[in-house]
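A.B. asks: We have chain F; now place chain W onto it with these hints.
Just so you know, the sequences run in chain order F and W.
Counting the first sequence from 1 gives a position; the working numbering is that position plus 2.
Counting the second sequence from 1 gives a position; the working numbering is that position plus 618.
Honestly, the hints are just simulated from the structure, not real lab data.
One or more hints might be untrue.
Label-pair distances were calculated between CB atoms; the ranges are [claimed, not checked]:
#, chain 1, residue 1, chain 2, residue 2, range
1, W, G834, F, E42, 33 to 41 Å
2, F, E52, W, V1000, 51 to 59 Å
3, F, D61, W, A918, 58 to 66 Å
4, W, A918, F, L43, 43 to 51 Å
5, W, V940, F, A113, 43 to 51 Å
6, W, G968, F, D95, 44 to 52 Å
7, F, R83, W, R863, 50 to 58 Å
8, F, D61, W, V772, 29 to 37 Å
9, F, D18, W, L822, 19 to 27 Å
10, F, V69, W, A826, 57 to 65 Å
11, W, G833, F, D18, 54 to 62 Å
12, F, L63, W, G983, 30 to 38 Å
Chain F is nowhere near these chain W residues, computed Cβ spacing over 10 Å in every case [unchecked claim]:
#, residue
13, G653
14, P692
15, T934
16, G946
Don't be surprised by glycine CBs; every beta carbon is placed ideally from N, CA and C.
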Amino acid sequence: MIALLLLACTAFREVDPDSPCREAGYAIARRTEECTDDTELANARYEAFEAGYACIPMDVLDPEPGVAPEDLYACSFTIDRLPCEVVLELGDDLDGWLASADACAYVVEPA
Amino acid sequence: MTPVLLLWTTLAHGQQQSELVGEGRSCTGAVPIAGTAGYANLQSALRTSASTYTAARFAEAHTLTGDARSFKDPAGGSVAYELHTTYNVARLPAYQPSALGLDYAEGCDPQYRVVERPADLNAISAGFALHKGPIGLFYAASLSSGQMAREDPVMRGVYWSMLFPIYGLYPLISAPFLPIEYDTGGSSLTIDFIAGASFNTDLLEVRAGYTKSEGGYLFARDHVLSLFGSLVVHGKEVQVGGVFRTGLQSLDPAALARNAALKGIGRTGLYYRDLPFGSSDDVGTESRLRSGHLRQASLAGIVDVGASYRIRPDPTLSEAVVGFHNRGWDTTADDDEETDDAYGGFLVQGGAVELPALHSLGVSGGWYPSARVEARMGEPGVGHASFSLLLNDEEQLALYPFARNAVSYNLVIDAQF
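Bound-form chain F, shown alone (with noise of 0.2 Å):
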């Protein structure tokens, strides 16, 4: 049973300072797996995003004035409940998938 305790040990550690930046990507896979079940499509998006973008690491312990961390996550947030409609209109046009939300000015940037 102690054994079965210490393997419950690992209850929170600090956050990836890209968490916010790799969390808008994923955005964007999910909502294009969700609106054309294609997974090859949500894969390739996110290697597109992953090789045109640059991350922004959130410092938590000092973050910019006005901007707590956890309003970072606004990018994936806004990203995960755009519309299908919206989705497909947006294609792979990645640009305008980040122009969804202004926490994405905060968290990535063109590589």
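C.D. replies: Coordinates of chain W only, in the frame set by chain F:
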């Protein structure tokens, strides 16, 4: 049991040493951040857990299996209980909302204002089956739950290992009359039950019943080759269930040919599996994981080997495992009663599993080590208890493809009378 735990602790320690203990104090009121892959994965895991650890699955896997073995007795039955817990099924960012009036700087270290937290799943099930001659009745209930892990590691383990199983007993007993269910997006509690009748002969076993979660239920299996199939009925539609399997369950050439010399070949399992996979979609179709599985159990009485081939998506070999156990590990009441083999013992299995890239879930894909350690004791036709620990188990990853390096444990106790 102790050697199993020690071995497993070693495995887990080697796998995740840097992750075992978070330094400092995490915020006690942290909530998951929506719109992230981790949050979507948690929601998916909660849905999958509720639809997988159903009363019907439990009845098929445990309660009815024991009853089926003893159907030749004039009257009898079986009872069973199962506890299944998965730690770290998903990892998600969380934050301390100021709207709760909690100042993160007072209650926890500032680096955890935004923190990565794991999520856990738990399912408990219980049931019984009774028969008189070929006709039987059965009932089983399940309670599945999941949530972001508690920040206190000791309480996290105590809650899932001890408190939840105790609190869950009443809902299991009164499931048909209990409407308590909730789903907050980041946590859920689901109750399910199945009740029905069975018909069992030397050649064929048929079961029909009603499940709270899925409606009508039908299962058929022959006792000669172990061919099997199952389906559920949703309302007026008849369709294959969310998880569909068909094939050879466990072919025993020695028993089939009545030739003890063939015992060294062991038992063969060869089946096809088709289940929902990836993100749920908005276009009315469903991504499916389709795969073929070959299992050769008890080669020379002590070796198990297994391999899986993923047909869709991304066709490739997706699993290769080898396991070792003591002789008599898989002895059942179906076997020759005069067998000298001991029943139960230990199984240690290792290998690797391959996950496809699924960036929609935050998964980059690749091969991962897998391990299974299991201990079992009991007597055929009387009852048994088994305990298993799983790391990157193929079945678990098929259900939760984002659950890399998740650890599960499973406890089953059953008895026949």
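A.B. asks: A separate judgement is required for each hint: does it hold in the structure or not?
C.D. replies: Against the structure, the hints come out as follows:
1. For G834 (chain W) paired with E42 (chain F), a C-beta distance near 36 Å keeps the hint of 33 to 41 Å intact.
2. Judged by the Cβ atoms, the range 51 to 59 Å given for E52 (chain F) and V1000 (chain W) holds: they are separated by roughly 58 Å.
3. Between D61 (chain F) and A918 (chain W) the beta carbons are some 60 Å apart, a value that agrees with the proposed interval 58 to 66 Å.
4. For A918 (chain W) paired with L43 (chain F), a C-beta distance near 48 Å keeps the hint of 43 to 51 Å intact.
5. At roughly 44 Å, the beta carbons of V940 (chain W) and A113 (chain F) sit within the given window of 43 to 51 Å.
6. For G968 (chain W) and D95 (chain F), the hinted distance range of 44 to 52 Å is satisfied, since their beta carbons lie about 46 Å from each other.
7. Taking the beta carbon of each, R83 (chain F) and R863 (chain W) are about 36 Å apart, not inside 50 to 58 Å as hinted.
8. Taking 29 to 37 Å as the suggested C-beta distance range, the pair D61 (chain F) and V772 (chain W) conforms, at roughly 32 Å.
9. Taking 19 to 27 Å as the suggested C-beta distance range, the pair D18 (chain F) and L822 (chain W) does not conform, at roughly 55 Å.
10. Judged by the Cβ atoms, the range 57 to 65 Å given for V69 (chain F) and A826 (chain W) holds: they are separated by roughly 60 Å.
11. Under the hint 54 to 62 Å, the C-beta atoms of G833 (chain W) and D18 (chain F), about 43 Å apart, miss the expected range.
12. Here the CB-CB span from L63 (chain F) to G983 (chain W) is close to 33 Å, well matched to the stated 30 to 38 Å.
13. Separation of G653 (chain W) from chain F is inadequate, the least Cβ-Cβ distance of about 3 Å not exceeding the 10 Å criterion.
14. For P692 (chain W), the condition that its CB be more than 10 Å from all CB atoms of chain F holds, with the nearest at approximately 41 Å.
15. The Cβ of T934 (chain W) lies farther than 10 Å from every Cβ of chain F, with a closest approach of about 14 Å, so its non-interface assignment holds.
16. Against the 10 Å criterion, G946 (chain W) stays outside the reach of chain F, whose nearest CB is about 26 Å from its own CB.
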